[in-house]
Amino acid sequence: MLNTFWPICIVVSVIVSVLTGRLDNINNSIFESTGSAIELTITLIGTMCLWSGIMEIAVNTSLIEKIKRVLRPIMKFLFPNINFQEKEYQEVCMNIISNLLGLGNAATPLGLKAMQTMQDKNSEKDKLTDSMAMLIVLNTASLQIIPTTVIAIRTSLGSNNPTKIIVPVWIATLSAAITAIFATKLFIKLEKRKKAK
Amino acid sequence: MISYISSIVMPIIIFIIIFSAFSEKKKTFDLFLKGAKEGIEITLKIFPTLVGLFFAISLLRNSGTIDIIINFCEPFLVKLNIPREILPLAILRPISGSGSIAIATEIMKNYGTDTLIGLIASVIMGATETTIYTIAVYTGSVKIKNTRFVLKAALLADAVGMLTAVAICRILS
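Chains A and B supply the protein sequences, listed in that same order.
Residues 4 to 200 in the working numbering are what the first sequence spells out, letter by letter.
Residues 6 to 178 in the working numbering are what the second sequence spells out, letter by letter.
It is worth saying that the hints were derived from the structure and are not from the lab.
All figures in this text were calculated on a predicted structure; none of them were measured in a lab.
Even for Gly, the Cβ is constructed at its ideal location relative to N, Cα and C.
Accuracy of the hints is not assured; some may be wrong.
Listed below are the simulated SDA-like cross-link pairs for lysine to any residue, each with C-alpha atoms no more than 20 Å apart in a straight line [said to hold, decoys possible]:
hint	chain 1	residue 1	chain 2	residue 2
1	A	197	B	72
2	A	130	B	150
3	B	114	B	72
Pairwise CB distance ranges (calculated) [said to hold, decoys possible]:
hint	chain 1	residue 1	chain 2	residue 2	range
4	B	25	A	14	20 to 26 Å
5	B	157	A	71	28 to 34 Å
6	B	178	A	49	23 to 29 Å
7	A	84	B	142	30 to 36 Å
8	A	17	B	31	52 to 58 Å
9	A	83	B	145	35 to 41 Å
10	B	72	A	84	46 to 52 Å
Far from chain A, some chain B residues (derived; all Cβ distances over 12 Å) [claimed, not checked]:
hint	residue
11	62
12	78
13	79
14	80
15	89
16	92
17	154
18	157
19	167
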């Protein structure tokens, strides 16, 4: 996607700057942009290091089992077609826990593994099952307890209260996630009704 | 109240994790180092992407292209009560993760991190995902073309998340 988006941005910008007579601005922005990238990366490294380290500890404790137990009734509601004894449940569950803990890099491989396991049992190989659709929608909902990246950005720009946004983020994420879940459930029902007719 | 809860979340989570690891007699510091090393790799991996995207976004802004796009969408934004400065982030957020990091940083740098605009940008970044990219990766990995309603449901959720973000920040500030 960036292979189309990126060149378009640059070509259009240069044309616009010639038309509006802002070529000087462009020259400044070329060097300014690399500076911004370096500043951000340096602060991000610190936060990401600390947080990945702490989460690595969390993953190795019994906390994960406890979260799994708490999630069970919710998972039953979200994935009525999944057998709780089987490995797909473990994979889906670990994917969601990794998302909650902000371990995006661990979440994706786990989610993709769960997709593969579900695909093996899928009777219509070129169509998503209900559970697969729910898994994808949940993964687009950014269920993160602590939005570390934003906090790091805010810190790097000298915010006097970088964590101020945590509760507002929860409220916004939850309303998005609830919308996602109910929209998915509703669409599944509608499709079934259509089929029945 | 909200800012109090926001400020105690991180310390509490860190405490619970470290305390339970310590009481289960895990090698806490070794585990920490292992995770921290991965943290460096993750960040360094996105550095080239960030340079490329910061460059493109800085060009878009300094050439005045973003202003042209925003002016075009202005009537629509006013109806939804969204500040015009947020638009580039709202458009880019579902498409590219590093792109939205770059643009959110730009917005906060220009308008401040704790102004209404800075707060909205922060909450949108924290509360939404790179929807389109995620759907592409997940369906692509099992080679499924019929994605049913997934894109509709996910984009609807993003829109709700963004509008909620704007509403909460307006109430807070």
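Consistency of the hints with the structure:
{"no.": "1", "hint": "197/A to 72/B", "verdict": "violated (45 Å)"}
{"no.": "2", "hint": "130/A to 150/B", "verdict": "holds (7 Å)"}
{"no.": "3", "hint": "114/B to 72/B", "verdict": "holds (17 Å)"}
{"no.": "4", "hint": "25/B to 14/A: 20 to 26 Å", "verdict": "violated (54 Å)"}
{"no.": "5", "hint": "157/B to 71/A: 28 to 34 Å", "verdict": "holds (31 Å)"}
{"no.": "6", "hint": "178/B to 49/A: 23 to 29 Å", "verdict": "holds (28 Å)"}
{"no.": "7", "hint": "84/A to 142/B: 30 to 36 Å", "verdict": "violated (23 Å)"}
{"no.": "8", "hint": "17/A to 31/B: 52 to 58 Å", "verdict": "holds (55 Å)"}
{"no.": "9", "hint": "83/A to 145/B: 35 to 41 Å", "verdict": "violated (26 Å)"}
{"no.": "10", "hint": "72/B to 84/A: 46 to 52 Å", "verdict": "holds (49 Å)"}
{"no.": "11", "hint": "62", "verdict": "violated (7 Å)"}
{"no.": "12", "hint": "78", "verdict": "holds (16 Å)"}
{"no.": "13", "hint": "79", "verdict": "holds (18 Å)"}
{"no.": "14", "hint": "80", "verdict": "holds (22 Å)"}
{"no.": "15", "hint": "89", "verdict": "holds (18 Å)"}
{"no.": "16", "hint": "92", "verdict": "holds (15 Å)"}
{"no.": "17", "hint": "154", "verdict": "violated (4 Å)"}
{"no.": "18", "hint": "157", "verdict": "violated (7 Å)"}
{"no.": "19", "hint": "167", "verdict": "violated (8 Å)"}
When the structure is compared with the earlier hints, violations turn up for hints 1, 4, 7, 9, 11, 17, 18, 19 and for no others.
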